[in-house]
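Trainee: Protein chains in written order, with this note's numbering: chain A, 1 to 248; chain B, 249 to 478.
There may be inaccurate statements among the hints.
[As the list claims (entries may be wrong)] Pairs of lysine-lysine residues, derived as DSSO-like cross-links and limited to a Cα-Cα distance of at most 30 Å, are as follows:
| id | chain 1 | residue 1 | chain 2 | residue 2 |
| --- | --- | --- | --- | --- |
| 1 | A | Lys221 | B | Lys309 |
| 2 | B | Lys346 | A | Lys115 |
| 3 | B | Lys307 | A | Lys86 |
| 4 | A | Lys188 | A | Lys236 |
| 5 | A | Lys63 | B | Lys265 |
[Stated by the list, open to error] Some chain A residues judged to face chain B by a derived CB distance under 8 Å, without partners named:
| id | residue |
| --- | --- |
| 6 | Leu58 |
| 7 | Pro98 |
| 8 | Lys189 |
No lab work stands behind these hints, which were simulated from the structure alone. Keep in mind the model is a prediction, meaning the values are calculated, not measured. Idealized CB from N, CA, C, for every residue including glycine.
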Amino acid sequence: MITDGQVLIKVEDLYKVYNNRLHALDGVSEEIRKGEVVVIVGPSGSGKSTFLRSLNLLEMPTKGHVYFEGVDITSKETDIDLHRRKMGMVFQHFNLFPHKTILENITLAPIKLLKKSKEEAQENAMELLKLVGLEEKANTYPSRLSGGQKQRIAIIRSLAMDPEVMLFDEPTSALDPEMVGEVLELMKKLAHDGMTMVVVTHEMGFAKEVASRVIFMDEGKIKEQGTPEEFFDNPKDPRLKEFLSKIL
Amino acid sequence: MLQTLQDKFYENFIDGKRWEYILDGLGVTLEVTFFAVIIGIVLGFLIAIVRSTYDKTGKLKILNVLCKVYLTVIRGTPVVVQLLIIYFVIFGSSDISKVLVAIMAFGLNSGAYVAEIFRSGIMSVDNGQFEAGRSLGFNYVQTMIHIIMPQAFKNVLPALGNEFIVLLKETSVSGYIALQDLTKGGDIIRSRTYDAFMPLIGIALVYLVMVMIFTKLVNMLERRLRNSDH
Chain A
1 MITDGQVLIK VEDLYKVYNN RLHALDGVSE EIRKGEVVVI VGPSGSGKST
51 FLRSLNLLEM PTKGHVYFEG VDITSKETDI DLHRRKMGMV FQHFNLFPHK
101 TILENITLAP IKLLKKSKEE AQENAMELLK LVGLEEKANT YPSRLSGGQK
151 QRIAIIRSLA MDPEVMLFDE PTSALDPEMV GEVLELMKKL AHDGMTMVVV
201 THEMGFAKEV ASRVIFMDEG KIKEQGTPEE FFDNPKDPRL KEFLSKIL
Chain B
249 MLQTLQDKFY ENFIDGKRWE YILDGLGVTL EVTFFAVIIG IVLGFLIAIV
299 RSTYDKTGKL KILNVLCKVY LTVIRGTPVV VQLLIIYFVI FGSSDISKVL
349 VAIMAFGLNS GAYVAEIFRS GIMSVDNGQF EAGRSLGFNY VQTMIHIIMP
399 QAFKNVLPAL GNEFIVLLKE TSVSGYIALQ DLTKGGDIIR SRTYDAFMPL
449 IGIALVYLVM VMIFTKLVNM LERRLRNSDH
């Protein structure tokens, strides 16, 4: 059992090469500790999404290792499906299952994978729905929901698996501006409850307020990282300075 | 005028119980279509799985090549020729039921078209759905079964319905192996009464009615599936 402050995910010398040319990841090593909220920022094409997606192997790295709870999940002998259950993932485009109701979206994986009874899974799902104030949407289909509602459902769908870490891949980038707040609110709540989170985002306000650590990626490398204070108030890398001057 | 039509009708369908050619033929046509459809769906489904698994993961390489050969051959040759080859070449020396041969030929033929319909359906489901399934911890097969297939099936239902209508009409070439299907039945009547109009228009109407019924059924199913998510 990994306790707060211990290494939960360890990334070792990760490379991802597309078509033998483009280095999306160019030798990244990093550790994510339990309870941390790590925010990754960087210009588009910097490899930040590739890095995040490598953590649960949605993106298979060309070279290097990813350890989750001490297990090398990049090893061929590892059953990645078992480990993915404990790594929740939230996507830019929500990816709710359109042919299933909200309740079914949330209970599908717990019932099929964790072998929970339907009653238990539904009870748990209703509690999660209450947490985000969407319990009256339980029996509707995703197409009836606003973007912000969809993303909140996508988050609790992952939470229903009781994950050790939550990965967020630009969770607010596809949202109308007025809906960004409700999603960030939920993410803040999660962070305050001690969830380990790795977040790729352009929301610098969120990074400043919630992150325990901010990472700047550029050209497939981690160029700089630190606490939000040192990161935003005293950046050293010239590319980071340029990046911050553009967006702040 | 009306009197002649009545007489012709009597001569072609009632006299000598000739309507039995139509009825028996319809039975054979439906039997062949029904079982060919089942073979087509099963075969097409399996091939689509192999093909899209290869497209998505690069696995099943040899099976994929076999499937591609099958698709090329079946879609590149006329169904009548396939029917004749199966009957006269493959089962040429054995005493096999013609109905069985027709079922096999049309099933094998339909499978190739259904496979491509299913495959396009699988490919039309957004890859994000696949990633969402995998990231929750579903393996490849579970993701296919619970998440991709139900959506793919709904996307391809109109095309699938259309394929079955085509198949139903295609079985009308069964006469080439002297199988007495609906078309052959009408043709036999024609050869007895020397009247082409009545028997041929008659069987045309029977086909038309069947196709209309089937179209209606597919539309109903489609509407039910649509209601379930909007």
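Trainee: Compare the structure with each hint and give your call.
Mentor: Evaluation of the provided hints:
1. For the given pair, A/Lys221 sits about 35 Å from B/Lys309 by alpha-carbon distance, which is inconsistent with the 30 Å threshold.
2. For the hint pairing B/Lys346 with A/Lys115, the CA-to-CA distance comes to about 50 Å; that exceeds 30 Å, so the pair is violated.
3. For the hint linking B/Lys307 to A/Lys86, the alpha-carbon distance of about 26 Å falls within 30 Å, and the restraint holds.
4. Straight-line distance between C-alpha atoms of A/Lys188 and A/Lys236 comes to about 28 Å, which keeps the hinted pair within the 30 Å bound.
5. For the proposed pair A/Lys63 and B/Lys265, the alpha carbon gap of about 78 Å is over 30 Å, so the pair is violated.
6. Nearest Cβ of chain B to the Cβ of A/Leu58: about 6 Å, under the 8 Å cut. The hint holds.
7. The beta carbon of A/Pro98 is positioned within 8 Å of a beta carbon in chain B (closest approach about 6 Å), and the interface hint is therefore held.
8. Residue-level restraint check for A/Lys189 is violated (minimum Cβ-Cβ distance to chain B is 21 Å; threshold 8 Å).
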